[in-house]
Amino acid sequence: MSGLPPSRTSFSEKMGLLNERAVSSDTESEADVAEVEQVADRWGLLSAKLYLAHFSSSLAALWDYLFSTSWRLWFLRLANFLVPSFLQGRHAREQICPAKLSPTAYLDGMRGLAALFVYFCHYSYQGFTIAKSWGCADSNYEVFKLPFLRLWYQGPQAVCVFFVISGYALSYRPLKLIRSRSISEFSTTMSSLVFRRGLRLYLPTAVSTLLIVCLLRVGAYEWTRDFANDRTYMRNIIEPHPLRMDNTYHQFRDWALHMYKFVHVFGWERFGGTTSYDVHLWTIPVEFRCSLYLFLVILGTARLQAKLRVLTVGGVMWFAYRHSRWDFLLFLGGMVLAEWDLARDAHASPPALPQDEKTVERPAQPLWKRLFWISVSILGLYLLCQPDDGGDVTPGWRFLTSMIPSWWAEESYRYWQSAGAVVFVAAVGHTGGWQHFFNLPAIQYLGKISYALYLMHGPAMHTVGYHFEKWAYSLTGVDGYWYNAGFALGACFCVPITIWWADVFWRAVDVPSVKFAKWVERRCVGKN
Numbered sequence: 020m021s022g023l024p025p026s027r028t029s030f031s032e033k034m035g036l037l038n039e040r041a042v043s044s045d046t047e048s049e050a051d052v053a054e055v056e057q058v059a060d061r062w063g064l065l066s067a068k069l070y071l072a073h074f075s076s077s078l079a080a081l082w083d084y085l086f087s088t089s090w091r092l093w094f095l096r097l098a099n100f101l102v103p104s105f106l107q108g109r110h111a112r113e114q115i116c117p118a119k120l121s122p123t124a125y126l127d128g129m130r131g132l133a134a135l136f137v138y139f140c141h142y143s144y145q146g147f148t149i150a151k152s153w154g155c156a157d158s159n160y161e162v163f164k165l166p167f168l169r170l171w172y173q174g175p176q177a178v179c180v181f182f183v184i185s186g187y188a189l190s191y192r193p194l195k196l197i198r199s200r201s202i203s204e205f206s207t208t209m210s211s212l213v214f215r216r217g218l219r220l221y222l223p224t225a226v227s228t229l230l231i232v233c234l235l236r237v238g239a240y241e242w243t244r245d246f247a248n249d250r251t252y253m254r255n256i257i258e259p260h261p262l263r264m265d266n267t268y269h270q271f272r273d274w275a276l277h278m279y280k281f282v283h284v285f286g287w288e289r290f291g292g293t294t295s296y297d298v299h300l301w302t303i304p305v306e307f308r309c310s311l312y313l314f315l316v317i318l319g320t321a322r323l324q325a326k327l328r329v330l331t332v333g334g335v336m337w338f339a340y341r342h343s344r345w346d347f348l349l350f351l352g353g354m355v356l357a358e359w360d361l362a363r364d365a366h367a368s369p370p371a372l373p374q375d376e377k378t379v380e381r382p383a384q385p386l387w388k389r390l391f392w393i394s395v396s397i398l399g400l401y402l403l404c405q406p407d408d409g410g411d412v413t414p415g416w417r418f419l420t421s422m423i424p425s426w427w428a429e430e431s432y433r434y435w436q437s438a439g440a441v442v443f444v445a446a447v448g449h450t451g452g453w454q455h456f457f458n459l460p461a462i463q464y465l466g467k468i469s470y471a472l473y474l475m476h477g478p479a480m481h482t483v484g485y486h487f488e489k490w491a492y493s494l495t496g497v498d499g500y501w502y503n504a505g506f507a508l509g510a511c512f513c514v515p516i517t518i519w520w521a522d523v524f525w526r527a528v529d530v531p532s533v534k535f536a537k538w539v540e541r542r543c544v545g546k547n
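Convert by adding 19 to the 1-based position in the sequence shown; the result is the number in this note's numbering.
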């Protein structure tokens, strides 16, 4: 470029993108050049050369434009945004795990670990039979099927924990305001919870399923469709790939209809409202439906005395239990635990003291109490280990399975798993060691991205994940224990990629959707 000083060549020139001048020797004559051009034109090479020169010039101009100051800054910001938050600066890391955690932060960590276990479940059950526990039907003696160890890859148990935590989190502040007689603030809080609950649950799911539609249209799911249906690799459960339609309009129309049916609030049938774009999302309509019923119970008991409120909620729980509504029962269990913690001031801050005095810490629990609640937590974990299938012939579960009432209409495995979830969450609330574990920075990080991880593990696994699985099996083979080696090798790539997708989705969609819901509420609420 002649406008630049010799010492400042453009970036495109340095990259060799500008090459419009033909390099010729000083000894070539004009006749030789004319003869070469005549031959080249006869074969169409001269026009091709001119076209390539024009294309090179256009590409160079585009390159210079993209790397101009404004675009360069945009690209740098995008690249920085795609870096996982735990690898970014101090500010991003403090958002993940602030210096001072809230008293109930351990519940976030518990939810994050449960979301990870759901992903492990969906990754594992495609290749292995994980529904049966250790020793079922004189087989299934793999060490990872033993009680407690199997919780690492069990999804139904994690879902039960989700629902207890949701019931606790949604009812804690309203109950706190009820107990303090802050009726005006209570009404505002309840109105806000009801208004924003649908937006909180369905905005991120709409975006995640829309992303799946876009991946379908560009063919990302077609790249792995054969692998996803190959019994050589998928030896147990084959998760359905969403259908790629003939044209884009029909695809987006089908997605819109699925989203309409996804808001499944008027029925209790199993997996009601499930969308084929991501079959893992069946819990979202359940969350929404149970949340609305929970808000109704809170409103209906708000003016009652604390003891009468607990008795009334207990009656509602018995009614839900007799109708086998394990999901709503877990939400109500979370509400009861929140009431219990408020009654015993479990999360009250220590009294403030002058700066020259030491902070007063809560008195340590007596040893017998610590041992008691640790034992209760172990009991809760064991109940969570109830096998999804074959409990009546599984050592350690035959008697408990026989105690499940004959009128229990839902899946029998939900019975003790639901009880175990409530018992374990209650025990953790009384056990400082468990709370410290769930407050660890890595687990708190999983808590932050838990919803994003739940939404992203499906599309990440079905597209990029399957590529790495296929590559891993091509290295290890699928004979005997080499199949297990390929499974483990694939996980070494699939799990980090899925967490990365979840991290980006959390910052790009999940957090903004929460802010958007609050913004919509502020805009819609009239000024007093």
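One or more of the hints may lead you astray.
What follows is a set of in silico ranges between Cβ atoms, one per label pair, in the way DEER data are often shown [unchecked claim]: (1) F271 - D364: 28 to 36 Å; (2) W538 - W426: 43 to 51 Å; (3) W171 - P117: 24 to 32 Å; (4) P515 - S211: 35 to 43 Å; (5) G451 - R236: 47 to 55 Å; (6) N248 - P414: 30 to 38 Å; (7) G415 - R272: 24 to 32 Å; (8) W93 - P515: 24 to 32 Å; (9) A275 - L101: 36 to 44 Å.
For lysine to aspartate or glutamate, the following EDC-like pairs were computed, each having C-alpha atoms within a straight-line distance of at most 20 Å [unchecked claim]: (10) K489 - D245; (11) K326 - D364; (12) K489 - E161; (13) K195 - D364; (14) K151 - D364; (15) K151 - E430; (16) K489 - D157; (17) K151 - E161; (18) K151 - E429; (19) K489 - D249; (20) K537 - E204; (21) K151 - D407; (22) K280 - D245; (23) K151 - E540.
I should point out that these hints are in silico values taken from the structure, not numbers from a laboratory.
Idealized CB from N, CA, C, for every residue including glycine.
Hint-by-hint comparison with the structure:
1. F271 - D364: 28 to 36 Å: violated, 52 Å
2. W538 - W426: 43 to 51 Å: holds, 47 Å
3. W171 - P117: 24 to 32 Å: holds, 28 Å
4. P515 - S211: 35 to 43 Å: holds, 37 Å
5. G451 - R236: 47 to 55 Å: holds, 51 Å
6. N248 - P414: 30 to 38 Å: holds, 36 Å
7. G415 - R272: 24 to 32 Å: Once the Cβ atoms are compared, 51 Å apart, the range 24 to 32 Å for R272 and G415 is violated.
8. W93 - P515: 24 to 32 Å: About 27 Å separates the Cβ atoms of W93 and P515, which means 24 to 32 Å holds.
9. A275 - L101: 36 to 44 Å: violated, 29 Å
10. K489 - D245: holds, 11 Å
11. K326 - D364: Distance ~16 Å between K326 and D364 Cα, so the pair holds.
12. K489 - E161: violated, 25 Å
13. K195 - D364: holds, 10 Å
14. K151 - D364: Roughly 41 Å between the alpha carbons, so the hint for K151 and D364 is violated.
15. K151 - E430: holds, 14 Å
16. K489 - D157: violated, 33 Å
17. K151 - E161: Satisfied, since the Cα-Cα distance of roughly 11 Å is no more than 20 Å.
18. K151 - E429: Answer holds: K151 to E429 is near 18 Å, not above 20 Å.
19. K489 - D249: With a Cα-Cα distance of about 11 Å, the restraint between K489 and D249 holds, given a limit of 20 Å.
20. K537 - E204: holds, 17 Å
21. K151 - D407: Holds. K151 to D407 sits at ~6 Å (cutoff 20 Å).
22. K280 - D245: violated, 29 Å
23. K151 - E540: violated, 47 Å
Hints 1, 7, 9, 12, 14, 16, 22, 23, counting from the list given before, are not met by this structure.
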